[in-house]
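A.B. asks: Sequence:
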Amino acid sequence: MGVSYQATRAYAEQAAAAGEHKPLNTGTGSNMEWLAAVGALAGPVVGIVDAVTGTGAAKAQAATAAANAQAAATNAQLERDRLAAESTRQVMTYALIGVGVLVAGFVAYKAVA
2 MGVSYQATRA
12 YAEQAAAAGE
22 HKPLNTGTGS
32 NMEWLAAVGA
42 LAGPVVGIVD
52 AVTGTGAAKA
62 QAATAAANAQ
72 AAATNAQLER
82 DRLAAESTRQ
92 VMTYALIGVG
102 VLVAGFVAYK
112 AVA
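Mapping to this note's numbering: the sequence shown position 112 is 113, numbers consecutive.
Since the hints were derived computationally from the structure, they do not count as laboratory data. All C-beta atoms, glycine included, are put in the ideal place defined by N, C-alpha and C. Treat the hints with caution; some may be incorrect.
Just the calculated beta-carbon pair ranges, DEER-fashion [stated by the list, open to error]:
hint : residue 1 : residue 2 : range
1    : 109       : 71        : 51 to 61 Å
2    : 52        : 73        : 24 to 34 Å
3    : 43        : 65        : 37 to 47 Å
4    : 107       : 71        : 35 to 45 Å
5    : 93        : 58        : 44 to 54 Å
6    : 84        : 46        : 48 to 58 Å
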């Protein structure tokens with residue numbers, strides 16, 4: 002985890018160029034200097050808090066769980082479609098067998114009669 006002081010450095014350079022630079026640690030700095038320092042430290046502080054609380058990990062786990070739920074829903078839909086196709090295939094097979102039995106019975110009846 003790197004600390005970036007670019008915002009503080011940029012402000013300090015601008016203030017030095019204007020001849021108004023006051024060190025941050027004297028307590029006499031302007032509100033803008035403190036604001037720049039807080040802004041520069043916000044990223045690392047968020048990183049530390051995230052590492053301690055695990056918020057980023059929780060978000061990643063939630064995203065993974067959502068993706069897994071979506072995949073499970075898709076797999077369930079595919080399984081329902083497969084079962085519906087299998088059921089239709091069975092009905093068509095039994096219908097074809099029934100027609101075959103009727104045709105065989107009709108041919109046998111004509112042969113005997």
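A.B. asks: Next step is simple, just say for each hint if it's right about the structure.
C.D. replies: Results for each hint:
no.: 1; hint: 109 / 71: 51 to 61 Å; result: 57 Å, holds
no.: 2; hint: 52 / 73: 24 to 34 Å; result: 31 Å, holds
no.: 3; hint: 43 / 65: 37 to 47 Å; result: 28 Å, violated
no.: 4; hint: 107 / 71: 35 to 45 Å; result: 54 Å, violated
no.: 5; hint: 93 / 58: 44 to 54 Å; result: 52 Å, holds
no.: 6; hint: 84 / 46: 48 to 58 Å; result: 54 Å, holds
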